Amino acid sequence: MILPFLIIIPLLAAFLITLISGGRDSWAIVFSILAVISLLALSVFSFLSTGSQTFIYEMSGWKIPLTICLVQDALSTFMLVIVNLIALTSLMFSVSYIRQYSAPWKYYALFMLLIAGMNGVIATGDIFNLFVFMEIALFSAYALVAFGGKAEEYEASFKYAVMGSVSSTLILLGIGILYSATSTLTMAKIAEILPTLDVKLTYWVGAIFLAGFGLKAAIIPFHAWLPDAHSSAPAPISAMLSGVFIKSLGVYVLIRLFFNVFGGVAVFNEVFLVIGAISMIIGVFLALGQWDIKRLLAYHSISQIGYIIIGIGLATNLGILGGVFHLFNHAIFKALLFYNAGVLEMTTGTRDLRQMGGLAKKLPTTSFTSMIASLSIAGLPPFNGFFSKLIIFIAAIQAGRPVYAFLAGLGSLLTLASFMKMQRYAFYGKENKDADKTLAKVSTAMKWAMISLAVLCLLTSLMVIPGIRELTLDPVVAVIMNKTGYIAEVLGR
Amino acid sequence: MKPSEGMTLIVKTVTRISVWLIILYGIYIILHGHLSPGGGFAGGVIIALALLNVLLAYGRGFITRWLNIGFLHDLESSSAAIFLAIGILGMAVGGGFLANFISHGKLFNLLSSGTIPLLNIVIGLKVCTGLFVVVWTLAIFHLSDKGEKQ
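Chains as they are written, first to last, in our numbering: chain A, 1 to 493; chain B, 494 to 643.
Here chain A stands alone, though its shape is the one from the complex (with noise of 0.2 Å):
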């Protein structure tokens, strides 16, 4: 009974933020913020009263075959807990920050149809339904990428709109193909019928998924959008596309599909580990050289977006647990990461980390959560990137397959190299002399939504504890490898 207002209130905010505020950002501000907040309740609410049980929540009243449906399970509340505290610090962030665009009421609703889009495609059971809520989340995203109105920003926006509209064919043609096999459109159904039907049918149908919903999560040879569309995008934009609309688009509907509708089928669990090594390894290389700070983030992304692969592809237990855990992990420090590249846009005017330095003492909220998400994203104990990498790394030795550990190691290594690199340009180092002395004023809420994601980012380290993790993660695993238990729970049998 929950699951429809987590896509209703946000959408009911972004017509009303429209028809009321017309123009005064007030309204917008309030009207969105408390949509997040009450989105948040009600996520943690439903995860929380989940665990391992499966609810199904029918439309309009009619039964499962005929109707759209939505599913609450351990994955989907989990997944919906990151979208909405990834989206209230980001909006937090957003108050202050967004004041320098003109029209933040339009920047307001956009943002609640990004929302009311990821919540949609994370809480559908049906695949055409699922398709319908990613354009809605895509088209506020090309539409929020664009938003500042410069030149570089849109062609970000219409290369994004290209390639997504390139990988949205694609899946249209996978649910065709699927629809015509299977004549249904609901998710548990398709798995049923799909295992008494030629197996080349997965085949074909999964490699058309995986390159469509591959462009969306961003892997290599996916990604070439990436690094500019998130980039050009406002930091607080920037912020939920890495932190959370990769990975909702793309991550989770590659593991719904693949595992819960496709039975896990083992030649795509070594393609995920084969383009997942590329993606960790040739991301954080490309990282490397780059002086432009959101544009060195943005490819940090596609490679922790590899490590999350590269768990789910070794398909044992713990692999899953690390790639699942990575995820949550991997929302919350890139989110940090771009607040604090957008704070030091805001203040000193540049992206190019050659023109900043001697930042530390200016900005001291900035630099010291910057330095703990830094260290996070490096895998450095005790902060939660180091669990859930060395999780994958135990995981990937278990499952016999030792050079995935070793990429996996030194992927973490260049990471750290990269944001020393980073910290030492932007934070420490010598004071640029021709920057301007009066800084930009970085609000209260702004501080406190670094902070609290700074905090997040130790506090979730705890989630390995095993009373912690039976509680939390545990559950999300059993959901994704029970390979007949989605189909069990959805039809009621």
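A portion of the hints provided could be inaccurate.
[Claimed, not checked] Straight-line alpha carbon distances no greater than 25 Å define the calculated SDA-like cross-link-like pairs of lysine to any residue that follow:
id : chain 1 : residue 1 : chain 2 : residue 2
1  : A       : K159      : B       : A632
2  : A       : K106      : B       : K599
3  : A       : K441      : A       : S461
4  : B       : K599      : A       : W62
5  : A       : K106      : B       : L624
6  : A       : K150      : B       : F634
7  : A       : K106      : B       : G588
8  : A       : K106      : A       : D25
9  : A       : K159      : B       : L624
10 : A       : K106      : B       : I633
11 : A       : K441      : A       : M371
12 : A       : K63       : A       : F128
13 : A       : K447      : A       : R469
14 : A       : K63       : B       : L624
15 : A       : K106      : B       : L568
16 : A       : K200      : A       : V265
17 : A       : K63       : B       : L582
18 : B       : K599      : A       : L66
19 : B       : K599      : A       : L110
20 : A       : K63       : B       : G588
21 : A       : K106      : A       : E155
22 : A       : K63       : B       : K599
23 : A       : K421      : A       : F406
24 : A       : K159      : B       : T630
25 : A       : K106      : B       : F564
26 : A       : K106      : A       : G149
27 : A       : K106      : B       : N561
28 : A       : K63       : B       : G607
29 : A       : K159      : B       : N593
30 : A       : K106      : B       : G607
31 : A       : K63       : B       : N593
32 : A       : K106      : B       : A574
33 : A       : K63       : B       : V626
34 : A       : K106      : B       : F634
35 : A       : K159      : A       : L110
36 : A       : K106      : B       : T630
37 : B       : K599      : A       : G61
38 : A       : K63       : B       : T608
Source of the hints: derived by calculation from the structure; they are not laboratory data.
Source: prediction; values computed, not measured.
We have chain A; now place chain B onto it with these hints.
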């Protein structure tokens, strides 16, 4: 003649007669959405095309005097909000989101099938105003001869 003043007298006269017929046809498609092919989306597109016809024939200057673009904006958001409200009412009254809670009536009557005609009307409004406002936004950003934004 400036581009903002529209096309020749012949086009204007034909448009003046035909636009009302097109709008009437759009309304027909929307109202019969639950009985015949078509519905809110198709009808909405037809009405939007009628308005677009006026925009092309009479130019931007006339359209700003004839229509209140701000009101179209409000109509667009409010029709979406009404759609959601009908969905939530369905949740409150019967069964689930968008449940059909009004009496279904007699098959093939104009006033039948519960909330479906209401939803069709709301979708028609949303699509018509939405499409027209998109085209309008494209039309007010046009390039001058020098290639600069006006």
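Each hint tested on the structure:
1. At most 25 Å may separate the alpha-carbon atoms for a hinted pair to count; K159 of chain A and A632 of chain B meet this at roughly 23 Å.
2. For the hint linking K106 of chain A to K599 of chain B, the alpha-carbon distance of about 44 Å lies beyond 25 Å, and the restraint is violated.
3. Between K441 of chain A and S461 of chain A the alpha-carbon distance is near 32 Å, which puts this suggested pair outside the 25 Å criterion.
4. Restraint check for K599 of chain B and W62 of chain A: satisfied, since their Cα atoms lie roughly 21 Å apart, inside the 25 Å limit.
5. Between the alpha carbons of K106 of chain A and L624 of chain B the distance comes to roughly 18 Å, so the proposed pair stays at or under 25 Å and holds.
6. Between K150 of chain A and F634 of chain B the CA atoms are separated by roughly 15 Å; this keeps the pair inside 25 Å, and the hint holds.
7. With a CA separation close to 35 Å, the supplied pair K106 of chain A and G588 of chain B exceeds the 25 Å bound.
8. Restraint check: the Cα-Cα separation between K106 of chain A and D25 of chain A comes to about 9 Å, which is no more than 25 Å; the hinted pair holds.
9. This hinted pair checks out: K159 of chain A and L624 of chain B have alpha carbons roughly 23 Å apart, not beyond 25 Å.
10. Distance hint between K106 of chain A and I633 of chain B is fulfilled; the C-alpha atoms sit about 18 Å from each other, no more than 25 Å.
11. Between K441 of chain A and M371 of chain A, the direct Cα distance comes to roughly 20 Å. Compliance with the 25 Å bound is thereby established for this hinted pair.
12. Restraint check for K63 of chain A and F128 of chain A: the C-alpha separation of about 17 Å stays at or below 25 Å, so the hint holds.
13. For the proposed pair K447 of chain A and R469 of chain A, the alpha carbon gap of about 30 Å is over 25 Å, so the pair is violated.
14. The suggested pairing of K63 of chain A with L624 of chain B is violated, with an alpha-carbon distance near 34 Å, which exceeds 25 Å.
15. Our distance criterion of 25 Å between C-alpha atoms is met by K106 of chain A and L568 of chain B, whose separation comes to about 16 Å.
16. Taking the CA atoms of K200 of chain A and V265 of chain A, the gap is near 12 Å; set against the 25 Å cutoff, the hint holds.
17. Among the hinted pairs, K63 of chain A with L582 of chain B is consistent with the structure: their alpha-carbon atoms are about 19 Å apart, no more than 25 Å.
18. The suggested pairing of K599 of chain B with L66 of chain A holds, with an alpha-carbon distance near 23 Å, which does not exceed 25 Å.
19. Between K599 of chain B and L110 of chain A the alpha-carbon distance is near 42 Å, which puts this suggested pair outside the 25 Å criterion.
20. As the CA atoms of K63 of chain A and G588 of chain B are separated by approximately 11 Å, the hinted pair is consistent with the 25 Å bound.
21. As the CA atoms of K106 of chain A and E155 of chain A are separated by approximately 20 Å, the hinted pair is consistent with the 25 Å bound.
22. Between K63 of chain A and K599 of chain B, the direct Cα distance comes to roughly 24 Å. Compliance with the 25 Å bound is thereby established for this hinted pair.
23. A hinted pair counts as satisfied when its Cα atoms are at most 25 Å apart, and K421 of chain A with F406 of chain A qualifies at roughly 23 Å.
24. With a C-alpha separation of about 21 Å, the suggested pairing of K159 of chain A with T630 of chain B holds against the 25 Å cut-off.
25. With a C-alpha separation of about 17 Å, the suggested pairing of K106 of chain A with F564 of chain B holds against the 25 Å cut-off.
26. Of the pairs offered as hints, the one joining K106 of chain A and G149 of chain A holds, with about 13 Å between alpha carbons and a cut-off of 25 Å not exceeded.
27. For the hint pairing K106 of chain A with N561 of chain B, the CA-to-CA distance comes to about 20 Å; that is within 25 Å, so the pair holds.
28. Of the pairs offered as hints, the one joining K63 of chain A and G607 of chain B holds, with about 19 Å between alpha carbons and a cut-off of 25 Å not exceeded.
29. Using a Cα cut-off of 25 Å, the hinted pair K159 of chain A and N593 of chain B is violated, with the two alpha carbons roughly 42 Å apart.
30. A threshold of 25 Å between alpha carbons decides the hint, and for K106 of chain A with G607 of chain B the separation of about 35 Å lies outside it, so the pair is violated.
31. Proximity of K63 of chain A to N593 of chain B is assessed by CA-CA distance (about 14 Å); at most 25 Å being required, the pair is judged to hold.
32. Straight-line distance between C-alpha atoms of K106 of chain A and A574 of chain B comes to about 17 Å, which keeps the hinted pair within the 25 Å bound.
33. The straight-line distance between the Cα atoms of K63 of chain A and V626 of chain B is roughly 38 Å, outside the 25 Å bound, and the hint therefore fails.
34. At roughly 18 Å between alpha-carbon atoms, K106 of chain A and F634 of chain B fall within 25 Å of each other, so this suggested pair holds.
35. Restraint check for K159 of chain A and L110 of chain A: satisfied, since their Cα atoms lie roughly 19 Å apart, inside the 25 Å limit.
36. Distance check on the hinted pair: K106 of chain A and T630 of chain B sit about 15 Å apart at the alpha-carbon level, within 25 Å; holds.
37. Only pairs whose Cα atoms come within 25 Å are accepted, and K599 of chain B paired with G61 of chain A is accepted, the gap being roughly 21 Å.
38. Among the hinted pairs, K63 of chain A with T608 of chain B is consistent with the structure: their alpha-carbon atoms are about 19 Å apart, no more than 25 Å.
Checked against the numbered hints above, the structure breaks hints 2, 3, 7, 13, 14, 19, 29, 30, 33 and satisfies the rest.
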